[in-house]
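K.L.:
Sequence:
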Amino acid sequence: QLVTPAMGKDGGGEKGKGSWAVKGGKKGKQEQWYDDQDLLGEAVTQAVQPILELETEWDETKLAKRIRMYFKNAAKGLEFDSKPWNTLIEEYTDLVFGSLFQALKDREWLGKVDFLMVVDAAVRELFPPYLFERVPQNLFERTILQAHDRAFEEQRFAPMLWDVLFEKITEKTSKNTLYKCFEAGRKEAARLSKGDNMNPVEDFTSAWVACSISAIRDEGFAPQDLLPLNLALEVFHALLEAGALPLPLTEEYGQAPMGWDFLDSVVQDTYAGKLKKPVGSRGGGAASSWAPTGGKNQAPGKGGKGTWGKGAAGKQWQAAPQPEQWQKRPAEKGWGKGGKAAPAAVAPPAKRARTEVSSSGGNGHPSCTQQEDCCGTPDSALVQHVDGEVAGDIYCTNCWAIFADADESLNAVPLTLNEAVAMS
Numbered sequence: 001q002l003v004t005p006a007m008g009k010d011g012g013g014e015k016g017k018g019s020w021a022v023k024g025g026k027k028g029k030q031e032q033w034y035d036d037q038d039l040l041g042e043a044v045t046q047a048v049q050p051i052l053e054l055e056t057e058w059d060e061t062k063l064a065k066r067i068r069m070y071f072k073n074a075a076k077g078l079e080f081d082s083k084p085w086n087t088l089i090e091e092y093t094d095l096v097f098g099s100l101f102q103a104l105k106d107r108e109w110l111g112k113v114d115f116l117m118v119v120d121a122a123v124r125e126l127f128p129p130y131l132f133e134r135v136p137q138n139l140f141e142r143t144i145l146q147a148h149d150r151a152f153e154e155q156r157f158a159p160m161l162w163d164v165l166f167e168k169i170t171e172k173t174s175k176n177t178l179y180k181c182f183e184a185g186r187k188e189a190a191r192l193s194k195g196d197n198m199n200p201v202e203d204f205t206s207a208w209v210a211c212s213i214s215a216i217r218d219e220g221f222a223p224q225d226l227l228p229l230n231l232a233l234e235v236f237h238a239l240l241e242a243g244a245l246p247l248p249l250t251e252e253y254g255q256a257p258m259g260w261d262f263l264d265s266v267v268q269d270t271y272a273g274k275l276k277k278p279v280g281s282r283g284g285g286a287a288s289s290w291a292p293t294g295g296k297n298q299a300p301g302k303g304g305k306g307t308w309g310k311g312a313a314g315k316q317w318q319a320a321p322q323p324e325q326w327q328k329r330p331a332e333k334g335w336g337k338g339g340k341a342a343p344a345a346v347a348p349p350a351k352r353a354r355t356e357v358s359s360s361g362g363n364g365h366p367s368c369t370q371q372e373d374c375c376g377t378p379d380s381a382l383v384q385h386v387d388g389e390v391a392g393d394i395y396c397t398n399c400w401a402i403f404a405d406a407d408e409s410l411n412a413v414p415l416t417l418n419e420a421v422a423m424s
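Using the numbering used here, the first residue of the sequence shown is number 1, and each one after it goes up by one.
The set of hints was computed from the structure by calculation and includes no laboratory data.
Take every hint as true, because none was put in to throw you off.
Below are the DSS-like pairs computed for lysine-lysine, each with C-alpha atoms no more than 30 Å apart in a straight line:
| # | residue 1 | residue 2 |
| --- | --- | --- |
| 1 | Lys72 | Lys187 |
| 2 | Lys274 | Lys180 |
| 3 | Lys180 | Lys276 |
| 4 | Lys276 | Lys172 |
| 5 | Lys65 | Lys76 |
| 6 | Lys172 | Lys187 |
| 7 | Lys180 | Lys277 |
| 8 | Lys168 | Lys277 |
| 9 | Lys112 | Lys168 |
| 10 | Lys175 | Lys274 |
| 11 | Lys172 | Lys105 |
| 12 | Lys180 | Lys105 |
| 13 | Lys274 | Lys168 |
| 14 | Lys175 | Lys187 |
| 15 | Lys72 | Lys83 |
| 16 | Lys180 | Lys112 |
| 17 | Lys187 | Lys274 |
| 18 | Lys175 | Lys276 |
| 19 | Lys277 | Lys172 |
| 20 | Lys65 | Lys112 |
| 21 | Lys72 | Lys112 |
Keep in mind it's a predicted model, so treat the numbers as computed, not measured.
Starting from the given sequences, assemble the full structure and let the hints guide the process.
P.N.:
What follows is the structure, given as structure tokens:
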């Protein structure tokens with residue numbers, strides 16, 4: 001099943017009433033969807049329902065109108081004619097969540113809203129449909145999910161980082177350098193820390209500290225000179241208290257304890273050179289997804305219940321809160337049909353399209369299974385063929401679109417270049 005520009009109210013894959021129209025004569029830049037259904041507005045209204053009682057300044061109509069405005073404005077400057085669809089989705093989520101967290105950062109409810117289906121509706125409504133003509137439905141949905149989760153976490157962290165550095169650091173140049181390093185460090189920690197070790201919270205925290213301090217070194221500074229150890233401890237603890245841990249972790253395992261001794265030891269070991277940042281992505285998993293393997297309040301692999309155990313000073317990890325209302329992820333409700341990749345290999349799609357692919361004149365992607373017959377470029381995005389829970393070969397999206405067009409039953413999941421190289 002390929003992506004349709006607009007979905008019916010029941011999400012069943014039927015196009016809504018309306019049509020695409022071009023204004024100004026230039027395809028892509030002024031093309032807009034005119035639909036009797038306001039997909040974006042409906043998605044926003046549904047997304048904010050659980051937090052309406054927490055909003056004290058605006059009524060439901062004004063709140064939904066403002067949020068819808070941020071989602072519409074974020075699409076205005078996108079270069080639809082010159083960039084791949086998946087890159088545009090990544091850029092769009094960065095822009096829209098950057099706007100949301102700058103404009104509404106004082107709203108305590110902001111981190112509790114699930115905007116996933118809002119992003120989905122916005123892309124279908126605001127992006128030109130030709131971008132998705134040969135994109136498999138499950139690949140589209142997986143891309144939306146990963147872009148949403150990554151951008152939401154990164155943009156949620158940005159204002160709290162600036163607030164903490166503004167309070168703790170007085171010198172402007174140092175403040176700007178540290179902002180750049182801490183922002184890059186958390187992004188890299190999210191990519192490297194998949195949360196599949198014995199303690200996902202400690203796993204992420206270690207990667208976060210190590211990557212941030214490593215970024216300081218990469219800027220040409222000795223960490224102790226730019227950010228003395230005692231000040232570094234203050235900054236990391238202030239960020240932790242402000243909510244810097246990824247929400248999927250705190251929802252699963254609760255908030256970190258005040259004065260967490262484990263954080264002290266990680267910062268001290270990193271400054272002493274005893275702890276280095278992780279190398280490579282563990283397990284080849286999604287770069288932006290923290291997926292703890294244990295149940296609620298249970299330390300994975302240890303069978304513990306109730307708390308995460310004790311740190312050096314005996315402080316317990318608090319039990320995770322149980323929100324009264326929480327929207328299930330659409331993926332849990334069958335939003336996407338793509339299975340997770342598994343170690344075993346399956347036969348690739350038949351090479352029936354090899355002649356058609358080779359005639360397209362691309363330079364080829366070095367990791368694509370089509371090799372010399374690849375119609376993509378070295379910059380093409382990558383996917384992995386999956387059959388249920390079994391993983392298969394890797395293709396660029398250009399070649400995969402031809403296979404998917406010929407056989408709509410085929411499924412694939414997106415990959416990063418690092419994941420593809422690790423599997424080769």
